[in-house]
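Engineer: Take a look at the letters that make up each chain.
There are 2 protein chains.
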Amino acid sequence: MTVDRTLHQFPLDPASRLVRLALGEKRLPFVEVSTRYWERPRELTRMNPSGLVPVLVERAGEAAPLVLCEPRAILDYLEEAYPEPALLGREAAERAEARRLLTWFERKFEFEASGFILHEKIEKRLLSLGPPDLGALRQGRDGLKLHLHVLEDLLAAREWLAGRRLSLADFAAASHLSVIDYFGDVPWRDFPAAKTWYMKLKSRPCFRPLLADRWPGLAPAGHYDDLDF
Amino acid sequence: MTVDRTLHQFPLDPASRLVRLALGEKRLPFVEVSTRYWERPRELTRMNPSGLVPVLVERAGEAAPLVLCEPRAILDYLEEAYPEPALLGREAAERAEARRLLTWFERKFEFEASGFILHEKIEKRLLSLGPPDLGALRQGRDGLKLHLHVLEDLLAAREWLAGRRLSLADFAAASHLSVIDYFGDVPWRDFPAAKTWYMKLKSRPCFRPLLADRWPGLAPAGHYDDLDF
Chain A
1 MTVDRTLHQF PLDPASRLVR LALGEKRLPF VEVSTRYWER PRELTRMNPS
51 GLVPVLVERA GEAAPLVLCE PRAILDYLEE AYPEPALLGR EAAERAEARR
101 LLTWFERKFE FEASGFILHE KIEKRLLSLG PPDLGALRQG RDGLKLHLHV
151 LEDLLAAREW LAGRRLSLAD FAAASHLSVI DYFGDVPWRD FPAAKTWYMK
201 LKSRPCFRPL LADRWPGLAP AGHYDDLDF
Chain B
1 MTVDRTLHQF PLDPASRLVR LALGEKRLPF VEVSTRYWER PRELTRMNPS
51 GLVPVLVERA GEAAPLVLCE PRAILDYLEE AYPEPALLGR EAAERAEARR
101 LLTWFERKFE FEASGFILHE KIEKRLLSLG PPDLGALRQG RDGLKLHLHV
151 LEDLLAAREW LAGRRLSLAD FAAASHLSVI DYFGDVPWRD FPAAKTWYMK
201 LKSRPCFRPL LADRWPGLAP AGHYDDLDF
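Chains as they are written, first to last, in my numbering: chain A, 1 to 229; chain B, 1 to 229.
Simulated from the structure, these hints should not be mistaken for laboratory data.
Heads up, some of the hints might be wrong.
Identical copies look the same in the list; a pair holds intra-copy or inter-copy alike.
[What the hints assert, rightly or not] Computed list of lysine-lysine pairs in DSS-like fashion (alpha-carbon distance at most 25 Å, straight line):
#1 LYS121 x LYS108
#2 LYS26 x LYS121
#3 LYS124 x LYS145
#4 LYS121 x LYS195
#5 LYS124 x LYS108
#6 LYS202 x LYS145
#7 LYS145 x LYS26
#8 LYS202 x LYS108
#9 LYS26 x LYS202
#10 LYS124 x LYS200
So here's chain A without its partners, still in its complex pose:
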């Protein structure tokens, strides 16, 4: 039976990007609906009371649609319903490491780095809150550097962030970094292992739609969609 899949998302939202990457890697076709979630559209709030994207809706035949809200619920469902390719690893230790890093990027990286930068660069623009605060931006960039050191250390010992296999941990990191990279704020040259890792990710077919995202009126940094930056 064919499944109709709709992802309600926002192109520069890291959590939306993470789900787009997972869907792409699993080669699951889906329709994207870009949602101005900060305006609290009623259709979105009815599906997800938290008012956040991403929300994935799957319709198969006459059954009630399956509405999946919040990134972890969507990713866990995709692993369970479409186990190949596995994006969490197969052994308990591998899975635990991928999940540890998922939380790391969802919480720690967001609180210490991307949250500052994306609030100043995106949310203030969307909500007409005035120009970026340079102190907050600096705090975000300092946090970003600390986190890039963590990535660099992990990648000195491992091919992918959680171990020998590509996993959702890589996509979680890349979903945040790719948005920051749109604004040219990732100091790649100081982190060669992270840069090589990101180039490998960028070359995957699942990444192409993200590199084609454009925010009306604001072009990305020159190297944003360059696979060999």
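With the hints as your guide, set chain B onto chain A.
Structural biologist: Showing chain B alone in chain A's frame:
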């Protein structure tokens, strides 16, 4: 083979409580190590670079110990390794709803309610940051009321938060509420369905250890460990 299980945790940390409830409900024996995580003890940081509790360590025979960091990684592992009783439901929609609510309490409830209250009542005491800020406390209590209305609405239509079966969603909500309840800050009388639900949870064997927690020098509210409050 016997498994030695050690949970590094802090008694008044909601995430630690959530894992204790899941372990208890699955009747998995474990040793608790109370950790002053805010002092960044080296043993903890070596296991979990984020420096946060809970961390669960399982040792079985001669194999390398399995170190599980961050609540979602621990909970997902427990579901996979010890599937009975199932704490996420069996059908896709049930599981998605339990996971949606897990994120709701991990993020939204924490940002809007418990984060304010527990920072003022616990973290300021642990870190000697001075007396609670009444404005912040009020903001947390206002947020708490809004969230209690959400619980009340869910419980008007459902036996448990995610549906017909007890799930991690109930434990996630109760882990936060039980800490706030230690300080007597949950206005139960205005939320009769939530109160009945919480009484049912409190009566479960897995809840007993939480009701026995005592913070040295600070007794809990009088009804804290009363099963029929």
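Engineer: All hints are to be evaluated individually against the structure, with a verdict given for each.
Structural biologist: So, going through the hints one by one against the coordinates:
| no. | hint | in the structure |
| --- | --- | --- |
| 1 | LYS121 x LYS108 | both (19 Å within a copy, 23 Å between copies) |
| 2 | LYS26 x LYS121 | neither (31 Å within a copy, 46 Å between copies) |
| 3 | LYS124 x LYS145 | within (23 Å within a copy, 29 Å between copies) |
| 4 | LYS121 x LYS195 | within (23 Å within a copy, 43 Å between copies) |
| 5 | LYS124 x LYS108 | both (21 Å within a copy, 21 Å between copies) |
| 6 | LYS202 x LYS145 | within (20 Å within a copy, 45 Å between copies) |
| 7 | LYS145 x LYS26 | neither (31 Å within a copy, 41 Å between copies) |
| 8 | LYS202 x LYS108 | within (23 Å within a copy, 32 Å between copies) |
| 9 | LYS26 x LYS202 | within (16 Å within a copy, 42 Å between copies) |
| 10 | LYS124 x LYS200 | neither (32 Å within a copy, 45 Å between copies) |
Checked against the numbered hints given earlier, this structure breaks hints 2, 7, 10; the rest are met.
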